[in-house]
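One-letter residues, chain by chain:
Number of protein chains: 2
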Amino acid sequence: MNNTQKRVESITARDVDFAQWYTDLCLKAELMDYSEVKGFIIYRPYGYAIWENIMFYLDREFKLTGHENVYMPLVIPESLFQKEKDHVEGFAPETAMITTTGIEELTERLIIRPTSEVLFGTHYAKVVNSYRDLPKLYNQWCSVVRWEKTTRPFLRGKEFLWQEGHTVHADEAEARAETLGILEIYRRLGEELLAIPFVTGRKTEREKFAGAIETYSIEALMPDGQALQSGTTHYFGQGFAKAFDIKFQDENNQLQHVHQTSWGVSTRLIGAVIMVHGDDEGLIMPPYVAPVQVVIIPIQGQRDNVKKAAVDLRDKLRGQGVRVTLDDTNKTPGWKFSEYEMKGVPVRIELGPRDLEKGEVVLFTRHDRMKRSVALDDVASMLPDLFKTIHQDIYQKALDHVRSNTYEATDYDTFKALIKKGGYVAVSISGEEAEIKIKEDTSATARVIPFDQTLITKTCPVTGKPATQTVWFARAY
Amino acid sequence: MNNTQKRVESITARDVDFAQWYTDLCLKAELMDYSEVKGFIIYRPYGYAIWENIMFYLDREFKLTGHENVYMPLVIPESLFQKEKDHVEGFAPETAMITTTGIEELTERLIIRPTSEVLFGTHYAKVVNSYRDLPKLYNQWCSVVRWEKTTRPFLRGKEFLWQEGHTVHADEAEARAETLGILEIYRRLGEELLAIPFVTGRKTEREKFAGAIETYSIEALMPDGQALQSGTTHYFGQGFAKAFDIKFQDENNQLQHVHQTSWGVSTRLIGAVIMVHGDDEGLIMPPYVAPVQVVIIPIQGQRDNVKKAAVDLRDKLRGQGVRVTLDDTNKTPGWKFSEYEMKGVPVRIELGPRDLEKGEVVLFTRHDRMKRSVALDDVASMLPDLFKTIHQDIYQKALDHVRSNTYEATDYDTFKALIKKGGYVAVSISGEEAEIKIKEDTSATARVIPFDQTLITKTCPVTGKPATQTVWFARAY
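Protein chains in written order, with our numbering: chain A, 24 to 500; chain B, 24 to 500.
Be aware that one or more of the hints could be misleading.
Identical copies carry no separate label here, and so any pair may be met within one copy or between two of them.
[Unchecked claim] List time: in silico DSS-like cross-link candidates among lysine-lysine, alpha-carbon distance up to 27 angstroms:
| hint | residue 1 | residue 2 |
| --- | --- | --- |
| 1 | 51 | 270 |
| 2 | 61 | 106 |
| 3 | 108 | 172 |
Don't read these hints as lab results, they were simulated from the structure.
In isolation and in its complexed conformation, chain A is listed as follows (with noise of 0.2 angstroms):
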């Protein structure tokens, strides 16, 4: 078993140093590599297969609800993307140009997306017309560039994955809807895919997205006590639609502008499922997200029995829609056991010849680490409940992380010895004001004001005024 325990050693144990976990492991499970530009990754299949899985769950939820996929363009010319004032102001510093192709230099410099809103709201103004084309509910698929200076993989990129939802609505109830409807489905994900127990609610003026009146969010708590911003959801009121002039004519002949909404998630999800669940041995894997669910491992695999036994289980999880995986390389049972655990697989299936004379199997599963003999010919219809436990499991695990590291402060000493700790900590402050000195005392931020509003003090803690609001502040990513 040398193999095993040389594999396992080269990931640093997360109590020792979590930033070196967690990039150790984005790397030897083969999730990403460098490329030779900084702050671009290469996705590699095991990484991108997670993203497709996240893909297909949200697309379908997106269609299911009405909304239709596009494709902008890649560039934004420099002069339409200045037509927002505080859009531009938050991006422009973070933007990549094109200024010159192989033959001649460009009159006008070309913004890589950062963000679409200037592009749909230039073909919103051009395609709505009536109320009779609202609302227009437009989602997009594709990468983005912000020039980052400092970089992690799949948390922080200059280039990243994404999809962006872009609507247009007649009036601003529905558009407000929108956004919390859209939010739920993040929500939902988290819940049902990704195992993670999202904490959703509005943001603070300071912290919301540019150009929006409210952004909504969902965060995920991670081990090391800080949270992650994972997805967030804005109204825009009609500002980009006055900024761009998207008009229509309601039912009685009246000229009105629209009410926009936009929102987000991104590969990040990808490092929130790592850091959430994975362990010292490597990641681990939510079965439903997972590009692999099961892997088959034969014992002595070349003998016959094994090797069919083993051919035909594969295929009959296969038939039933199960991404499953027949390791039969010659590496040993021992490499391979650490291989799959490190890529957080969540059931591996052990064919070994004795075992098989009983018509048996070892089932391990990765997340407890258990290991069981099951019948072979019941493997396949128990795994839909075995799935169903694992997830409960994990996301059970991690919410039980969210809620004993969530506290109520009522003192600002308490409150910046929780925030040391790590965790989320909820206080009730004046304002603005009390946001800053948060942040310049303990470089935690507000992360949500959630939707369900107590006031814990009357008074803020921090400014010693009246309390307007209960925020969840923490140090984030």
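Keeping the supplied structure of chain A fixed, place chain B upon it in accordance with the hints.
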């Protein structure tokens, strides 16, 4: 029926101006729109949905044949791009480059990928070490940028969407088999999904891809007699492997360079579907690739029984996986008829109160513009066969067009006359000298060297030298 007339009249007739008919249709069928930057188009929902159906078909085929999806960066450092000489010469003039960001000039220019051979090559050099790592069969779905001077929607753009497969193999035979295997998948995509009879074959030296040893192609014949190269597969030999140092240890512990392929189809296929099948009334969408397969149009839709029957039918069809739209807006039936005819929806079902009393509906098929009465209860069960028949009819029509516009030439005057007439002209030529002369004299190019080789004449009609191979020529997009 005033609206109908107006709408249909707004598309230029094909005989009057084929190019204008094409552009009219792209815009009026809402497949695309122009953006603010020339050559960068907006894929609107109806156009993007065609691409989604193509992606769905191909992605499944690729995965069934062992391919995995990855995502490589958008950008290539200029120095890296220049590693493979033939390749860089082919693409350098068309490249767009990022030179600056919102805060700083870059120290090295970054090329927006025009294709990703060099990115895959660099990555493969890192991850391929042993024969056990081979083959690697990667594909990616993305957009690429090529600074074309003349652009047309879907056919030639500065940015387009595509898939690019890049594979590395231990030996030449397997790599060559890969290029032919993918070519066959592309051919079947035409036969089974797009209803386009692609002609397949090898490209001449002059026409092959920059850096390739062999290029294979699928070609479609347009109604104007011009060919459209619709997809290519390339065998690179070990050229890229040597430039990028992609080596592996073989079973005898010898270091070898891999054998490499690449292959791709793009949103140009949407252009092929439009041109091959469309008529003066608009698009004709083959049912399996059609974004909407059936449109239900209620007549006097305000009546309760009509409304109920329409919704019930829609839900029933949707339940069996048919892509169906119910248009219950307050536009006139006549307007709707012409709108969905223009959009090429294969089947229209008219639900009127009188027909319903008899338990009947009117079913209209777009490709032959035939109407018939059918029992409402039979609609759902008849659709699978109906789609099949429509698909076959459309395919046969396109095949007849290819057959009646494919000629053999035994002398050069006849060759020139036939090329002028339009279509494929097969001729047995001596080699590149003849190919160059043909292009100068007629602007026709070698489309393919068919796999099935028989010499038509012993002497090349162009040069008078001994003929060496039979080549299909045509003018091309």
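Tested hints:
no. : hint      : verdict
1   : 51 / 270  : between (52 angstroms within a copy, 21 angstroms between copies)
2   : 61 / 106  : between (30 angstroms within a copy, 19 angstroms between copies)
3   : 108 / 172 : within (23 angstroms within a copy, 33 angstroms between copies)
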